[in-house]
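*Asks:* If you read the sequences in order, they're chains A and B. Its first residue numbered 47, the first sequence is counted upward by one per residue in the numbering used here. Its first residue numbered 3, the second sequence is counted upward by one per residue in the numbering used here.
Everything labelled a hint here was simulated from the structure, so no lab data went into it. Don't take every hint at face value.
When the alpha-carbon atoms are kept at most 30 angstroms apart in a straight line, the in silico DSS-like pairs for lysine-lysine are as follows [to be verified]:
1) A:K107 <-> A:K68
2) A:K68 <-> B:K54
3) B:K62 <-> A:K107
4) B:K54 <-> B:K31
5) A:K134 <-> B:K133
6) A:K201 <-> B:K79
7) A:K173 <-> B:K79
8) B:K40 <-> A:K173
9) A:K176 <-> B:K62
10) B:K24 <-> A:K139
11) A:K139 <-> A:K174
12) A:K183 <-> B:K79
13) B:K40 <-> A:K68
14) A:K173 <-> B:K62
15) A:K187 <-> B:K31
16) B:K24 <-> A:K52
17) A:K174 <-> B:K79
18) B:K62 <-> A:K174
19) B:K62 <-> A:K187
20) A:K174 <-> A:K107
21) A:K176 <-> B:K40
22) A:K176 <-> B:K79
DEER-style ranges, computed between Cβ atoms [claimed, not checked]:
23) B:I128 <-> A:R110: 36 to 46 angstroms
24) A:E61 <-> B:E131: 52 to 62 angstroms
25) B:L108 <-> A:D99: 54 to 64 angstroms
26) A:S140 <-> B:T94: 40 to 50 angstroms
27) B:G37 <-> A:K52: 49 to 59 angstroms
28) B:N65 <-> A:K107: 16 to 26 angstroms
We treat Cβ as the ideally placed atom computed from N, Cα and C, and that holds for glycine.
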Amino acid sequence: MSLEIKQISDEILMELIIARDKNAFAELYDRYSGRLMSYFMRMLWNDRNLAEDCLQELFMKIARQPELFDVTRVFRPWVYAVANNLCKMEYRKSSRKGHSVSLDNAPELSDNSQKITEQVDRKAFSKKLKEVLESIKEPHKSTFTLRYFDELSLKEIAEIHACSEGTVKSRLFYTLRNIASKLPQFKHLTS
Amino acid sequence: MKSFDKFSEDFENKILEGEFDKLSAEELKQLEAEGITKDELSEIKAVLLALKEIENEEIKPSNSLRDELLNAFEEDKSKRGIIISWPFLLSTVASIAALLIFVFYLYNPFDRNMEMKPVVVQQMEIKTEIKNQNPSPIISEEELISEVDEIDNTEIQEHNIISPSVLKDSPPPAVVEDADLSPREKRMVESQIHAEENISEDIIMGNSISPQANSMSSKMESISLSSVKEEAKKGKFKDPIKTSMSLSQLPNTINNLITIY
């Protein structure tokens, strides 16, 4: 039974959840909890508690109102769209507290960090990249995250953001260019 | 950014692999037109390579969250009982609405032009239409009289009375002019005429005919017609055009009256 349920598609699992199948709900949680937790972490200032709260809220919605999902559609873009909406709500809350920072106001890396550029490895670069990512505004941040961290296709991202694929492409390139411009000291990694 | 609409996954891969030499002349021209230098492309490449390492990280939520959610799912399941999903509810409402629209279409209470007729009248109209489409075979008056005679014969046998055929052969009553009659004779003639009229009425209403009345059976048709005409003149018939009817129409009329009442 457990082997069978692991082979079932996300959409069929949702149909089973609508029919109140607990195993299907557990399987869906196991498939998506890690990915969504990481997504929330990236999107919500690496705040673990906040990310876990959002993850709980999302799965509570699925548990209580699974019929909100249209079974004729694809599950992955839908669940990420819900997650993205939860993040937006958190942004609204945090904007009142003055939490968000725009890309244009992103902190430049310190002179000290630039001096040790030659010694840092890719992990250090990753850490700095996360810092820069924190400063990117929506919808560029989620577009970038969905593409390069969650590996969603351009089509799926377009569906989540309800825009064209062309818009997704231009957003991605704009974000890449801006991030790269904030991290010029790491370009040696490409050589 | 319009020129970057052609930003494909293949283009991404070329940058990621640092294979700028593999970029086509058209692609390089496009990048230069946008003011993107080789240095900038190197920076982008560095970002994309670093992303490859970061994306492998997957943060797991706490185990207690899983149990909490599964318990919540179970509780919600027991609370629900019968699941009424939106699609089911919508389809039910839609089918009821369709039924109401159909009923409304059939019996529109707001349509004043529509003539509402009682069911009995509608049935009568339908029957009349069917009859008009399939008219009953024409029966001559002689055949009808013979049928009446047959009925009479059975009644005569049952009630032991004089046969109408015998009475039919009897001579017609004498017609006496007013000037030649005495008052006593006049009264007798009047009473005889009155009796004849009563007989005709009995025939119309379907009553049985007495032997005495049968003496006038040969003149039954003319008597009945005259009485019907008189009744028509008095306005007893609703149809203003038809003031008379033949004896052959009598059974049909009786049948219609029976059907209505």
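*Asks:* Hint by hint, say whether it matches the structure.
*Replies:* Against the structure, the hints come out as follows:
1. In summary, the hint linking A:K107 to A:K68 is supported, as the alpha carbons are separated by about 15 angstroms, within the 30 angstroms threshold.
2. With a CA separation close to 35 angstroms, the supplied pair A:K68 and B:K54 exceeds the 30 angstroms bound.
3. Between the alpha carbons of B:K62 and A:K107 the distance comes to roughly 20 angstroms, so the proposed pair stays at or under 30 angstroms and holds.
4. Between B:K54 and B:K31 the alpha-carbon distance is near 28 angstroms, which keeps this suggested pair within the 30 angstroms criterion.
5. The straight-line distance between the Cα atoms of A:K134 and B:K133 is roughly 79 angstroms, outside the 30 angstroms bound, and the hint therefore fails.
6. For the hint linking A:K201 to B:K79, the alpha-carbon distance of about 35 angstroms lies beyond 30 angstroms, and the restraint is violated.
7. Our distance criterion of 30 angstroms between C-alpha atoms is broken by A:K173 and B:K79, whose separation comes to about 43 angstroms.
8. With a CA separation close to 25 angstroms, the supplied pair B:K40 and A:K173 stays within the 30 angstroms bound.
9. With a C-alpha separation of about 18 angstroms, the suggested pair A:K176 and B:K62 falls inside the 30 angstroms cut-off, and the hint holds.
10. Straight-line distance between C-alpha atoms of B:K24 and A:K139 comes to about 47 angstroms, which puts the hinted pair past the 30 angstroms bound.
11. With a C-alpha separation of about 26 angstroms, the suggested pair A:K139 and A:K174 falls inside the 30 angstroms cut-off, and the hint holds.
12. A threshold of 30 angstroms between alpha carbons decides the hint, and for A:K183 with B:K79 the separation of about 40 angstroms lies outside it, so the pair is violated.
13. Between the alpha carbons of B:K40 and A:K68 the distance comes to roughly 55 angstroms, so the proposed pair goes past 30 angstroms and is violated.
14. For the suggested pair A:K173 and B:K62, the alpha carbons sit about 19 angstroms apart, so the restraint of at most 30 angstroms is met.
15. At most 30 angstroms may separate the alpha-carbon atoms for a hinted pair to count; A:K187 and B:K31 meet this at roughly 28 angstroms.
16. This hinted pair does not check out: B:K24 and A:K52 have alpha carbons roughly 41 angstroms apart, beyond 30 angstroms.
17. A hinted pair counts as satisfied when its Cα atoms are at most 30 angstroms apart, and A:K174 with B:K79 does not qualify at roughly 46 angstroms.
18. For the given pair, B:K62 sits about 22 angstroms from A:K174 by alpha-carbon distance, which is consistent with the 30 angstroms threshold.
19. Restraint check for B:K62 and A:K187: the C-alpha separation of about 22 angstroms stays at or below 30 angstroms, so the hint holds.
20. For a cut-off of 30 angstroms, the pair hint linking A:K174 to A:K107 is broken: about 34 angstroms separates their Cα positions.
21. As the CA atoms of A:K176 and B:K40 are separated by approximately 24 angstroms, the hinted pair is consistent with the 30 angstroms bound.
22. For the hint linking A:K176 to B:K79, the alpha-carbon distance of about 41 angstroms lies beyond 30 angstroms, and the restraint is violated.
23. Taken as a hint, the range 36 to 46 angstroms is violated for the pair B:I128 and A:R110, whose Cβ atoms sit roughly 59 angstroms apart.
24. Checked against the hint of 52 to 62 angstroms, the C-beta distance between A:E61 and B:E131 comes to roughly 57 angstroms, which is consistent with it.
25. In this structure, B:L108 and A:D99 meet the distance hint of 54 to 64 angstroms, their C-beta atoms being roughly 58 angstroms apart.
26. A hinted range of 40 to 50 angstroms for the beta carbons of A:S140 and B:T94 is consistent with their spacing of about 44 angstroms.
27. In this structure the supplied range 49 to 59 angstroms holds for B:G37 paired with A:K52, their Cβ-Cβ distance being about 50 angstroms.
28. At about 21 angstroms, the beta-carbon gap between B:N65 and A:K107 stays in the expected band of 16 to 26 angstroms.
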